[in-house]
Amino acid sequence: MTAWRTLAHHNAAVPDDWRERLIARLPERPRRIGLWAELALHGARSCLDAAGEDTLPPGALLCVASLRGPVEATRAAMAERATRGSPMPFTFLQSQPSQMLAALCQHLHWGGDARFVLSRDTQALLRLVQLECGPAGLLLGRVDEGAVPHSEWWRMVPGAAA
Amino acid sequence: MNEVYVAGRGLASALGADLAQAVEALRGGGVPTVDFETAPGETTPFFAIVPSDEDWSTRARRLVRAAAAESGALQARDGTLFVASTSFDMGRREHGDAFALDIQEYSERLGEWLEWRGPILTVCTACTSAVNALLSASALLRAGDASDALVLGIELSNQYTVGGFRSMQLLSPTQAQPFGAARNGLVLGEAVAALHLSNRPARWRLCGGANVVDASDPAGAVSSAVATMCRQALTRSALMASDIDLVKLQAAGSPHNDVTELAGLRLAFERLPALVSLKGWFGHTLGAAGAAEIALLLACIEAGVWPAPDYPLDRTLEASLACSAPPRLRHVLASILGFGGGHAAVVLEDTAASR
Numbered sequence: 001m002t003a004w005r006t007l008a009h010h011n012a013a014v015p016d017d018w019r020e021r022l023i024a025r026l027p028e029r030p031r032r033i034g035l036w037a038e039l040a041l042h043g044a045r046s047c048l049d050a051a052g053e054d055t056l057p058p059g060a061l062l063c064v065a066s067l068r069g070p071v072e073a074t075r076a077a078m079a080e081r082a083t084r085g086s087p088m089p090f091t092f093l094q095s096q097p098s099q100m101l102a103a104l105c106q107h108l109h110w111g112g113d114a115r116f117v118l119s120r121d122t123q124a125l126l127r128l129v130q131l132e133c134g135p136a137g138l139l140l141g142r143v144d145e146g147a148v149p150h151s152e153w154w155r156m157v158p159g160a161a162a
Numbered sequence: 163m164n165e166v167y168v169a170g171r172g173l174a175s176a177l178g179a180d181l182a183q184a185v186e187a188l189r190g191g192g193v194p195t196v197d198f199e200t201a202p203g204e205t206t207p208f209f210a211i212v213p214s215d216e217d218w219s220t221r222a223r224r225l226v227r228a229a230a231a232e233s234g235a236l237q238a239r240d241g242t243l244f245v246a247s248t249s250f251d252m253g254r255r256e257h258g259d260a261f262a263l264d265i266q267e268y269s270e271r272l273g274e275w276l277e278w279r280g281p282i283l284t285v286c287t288a289c290t291s292a293v294n295a296l297l298s299a300s301a302l303l304r305a306g307d308a309s310d311a312l313v314l315g316i317e318l319s320n321q322y323t324v325g326g327f328r329s330m331q332l333l334s335p336t337q338a339q340p341f342g343a344a345r346n347g348l349v350l351g352e353a354v355a356a357l358h359l360s361n362r363p364a365r366w367r368l369c370g371g372a373n374v375v376d377a378s379d380p381a382g383a384v385s386s387a388v389a390t391m392c393r394q395a396l397t398r399s400a401l402m403a404s405d406i407d408l409v410k411l412q413a414a415g416s417p418h419n420d421v422t423e424l425a426g427l428r429l430a431f432e433r434l435p436a437l438v439s440l441k442g443w444f445g446h447t448l449g450a451a452g453a454a455e456i457a458l459l460l461a462c463i464e465a466g467v468w469p470a471p472d473y474p475l476d477r478t479l480e481a482s483l484a485c486s487a488p489p490r491l492r493h494v495l496a497s498i499l500g501f502g503g504g505h506a507a508v509v510l511e512d513t514a515a516s517r
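Chains as they are written, first to last, in the working numbering: chain A, 1 to 162; chain B, 163 to 517.
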């Protein structure tokens, strides 16, 4: 079995001013991507910073997990549907988890294999993404909105610690 | 590494309650759309599974059980279940109880309906969900972490999804005509599709595949990403472009996306293989589309029924959908492109075809 090395682990504690920090860190302000995607971006960016990486290398696997997904955008889109017949386009897009992947790719200036996969068993999920990625390793995040926002990330590569 | 095969498949769709009915419906010229009411007095064409008096969950349970049983996967309930969807139980949520469950609880409920004993994972990457689920299931089987897996693509009727696509002005007011001269948008459809993967040899081998997210256009395809997806899928399948005999397209009838997809294929293939699209027959089934279209295509090939387009094609594309099965049909590249810049494909080999 391949050994894995954790280059960085960004823990779940999200500071109160995380949005201001995110905007200050990125060259372009994220626009209309929604709270959940911003939260994911905050954690992913912080984890890569902790790993000393400007972006992911080509061939890496980016995987995001969440139990509730973009729940606030989904609530908003359902409310719009109830009042005006259809959700507004940007609200509908923000309610789609795949748009979070696009936002991560755009703001990390990276393209490649990116997935939104759910499992209650983090170890099973980690085992799956480790099977699927190559030598460039993976960036795995667990992101959930809520009273206490959660955005925990791991940057891992195959190979034993030096 | 172990080989991975499509051991069985099941499909409930607008074309019928199972694959045999679907193939017969294709042989007979297809099925009509129904009018889906998006708002009072406003409708859009929609490919619906035959409606019933059941409530949303009861109908979903019946369809899920039937498709999984048809695939043969209920003989391997200790394997891994991958649920692929974009709307999950939105149809139930619309009728109250909107946010009682988290997303994974819905997948676990599907597992209960199937009396599933193995692990359950959920993949949600918009239209590429089922193809990405196939890639993940295949990775588990290749590594020996499982000997069976069920990829269950499920997309059932709900106002939210149809309304969202309508507000983005992506829907056709008439019909889906992939590569058609008069194509003017998508027609959505319902499907519950089951693909049973196994290490045990079967007719169709899953050779490899790829998933490429390119955020240049978060709502559409990017030609360079289509080409990268094809090249990566070929490399991982240990094949050359010239080995591919048929490409099952994403092509849904979008004026822009059909052109972009074709441009990407031209970058990857010096000579275009035969092309086929299935969305004109039972709609775009979103997260289920990868599993639903592969299930239907393989059933058509085995039955000798070909889903030839019955509308005028766009000559300016300088490429046509095949009117019959290609004379050599051993390797199929099946792709799905989707929201969020997703481009995903798998390569399948017909092990019964002559080398």
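These are computed hints drawn from the structure, not numbers from a lab.
Here a beta-carbon is modelled for each residue, glycine too, at the ideal position from N, C-alpha and C.
Keep in mind that the hints are not guaranteed to be accurate.
Listed next, with one range per pair, are the computed distances between beta-carbon atoms [unchecked claim]:
no., chain 1, residue 1, chain 2, residue 2, range
1, B, 432, A, 9, 44 to 54 angstroms
2, A, 88, B, 199, 36 to 46 angstroms
3, A, 50, B, 397, 47 to 57 angstroms
4, A, 147, B, 277, 49 to 59 angstroms
5, B, 491, A, 147, 39 to 49 angstroms
6, A, 59, B, 491, 28 to 38 angstroms
7, A, 17, B, 478, 34 to 44 angstroms
8, A, 123, B, 480, 45 to 55 angstroms
9, B, 343, A, 2, 32 to 42 angstroms
10, B, 237, A, 28, 25 to 35 angstroms
11, B, 237, A, 17, 48 to 58 angstroms
12, B, 240, A, 131, 14 to 24 angstroms
Pulled a few chain A residues facing chain B out of the computed Cβ check, cut under 10 angstroms [stated by the list, open to error]:
no., residue
13, 11
14, 110
15, 132
For each hint, the structure was consulted:
1. B:432 / A:9: 44 to 54 angstroms: 46 angstroms Cβ-Cβ, so the 44 to 54 angstroms window holds.
2. A:88 / B:199: 36 to 46 angstroms: 20 angstroms Cβ-Cβ, so the 36 to 46 angstroms window is violated.
3. A:50 / B:397: 47 to 57 angstroms: The hinted range 47 to 57 angstroms is violated for residue 50 of chain A and residue 397 of chain B, with Cβ atoms some 32 angstroms apart.
4. A:147 / B:277: 49 to 59 angstroms: violated (36 angstroms)
5. B:491 / A:147: 39 to 49 angstroms: 56 angstroms Cβ-Cβ, so the 39 to 49 angstroms window is violated.
6. A:59 / B:491: 28 to 38 angstroms: The hint (28 to 38 angstroms, Cβ to Cβ) holds, given that residue 59 of chain A and residue 491 of chain B are roughly 32 angstroms apart.
7. A:17 / B:478: 34 to 44 angstroms: violated (53 angstroms)
8. A:123 / B:480: 45 to 55 angstroms: With Cβ atoms ~51 angstroms apart, the hint holds.
9. B:343 / A:2: 32 to 42 angstroms: violated (52 angstroms)
10. B:237 / A:28: 25 to 35 angstroms: Given range 25 to 35 angstroms: violated, Cβ gap about 52 angstroms.
11. B:237 / A:17: 48 to 58 angstroms: For residue 237 of chain B and residue 17 of chain A the Cβ distance comes to about 55 angstroms; the hint holds.
12. B:240 / A:131: 14 to 24 angstroms: Since the Cβ atoms of residue 240 of chain B and residue 131 of chain A sit about 19 angstroms apart, the hinted range of 14 to 24 angstroms holds.
13. 11: With Cβ-Cβ at 22 angstroms, over 10 angstroms, it is violated.
14. 110: Where the cut-off is 10 angstroms and the nearest Cβ of chain B is about 9 angstroms from residue 110 of chain A, the hint holds.
15. 132: holds (5 angstroms)
Of the numbered hints listed earlier, those contradicted by the structure are 2, 3, 4, 5, 7, 9, 10, 13.
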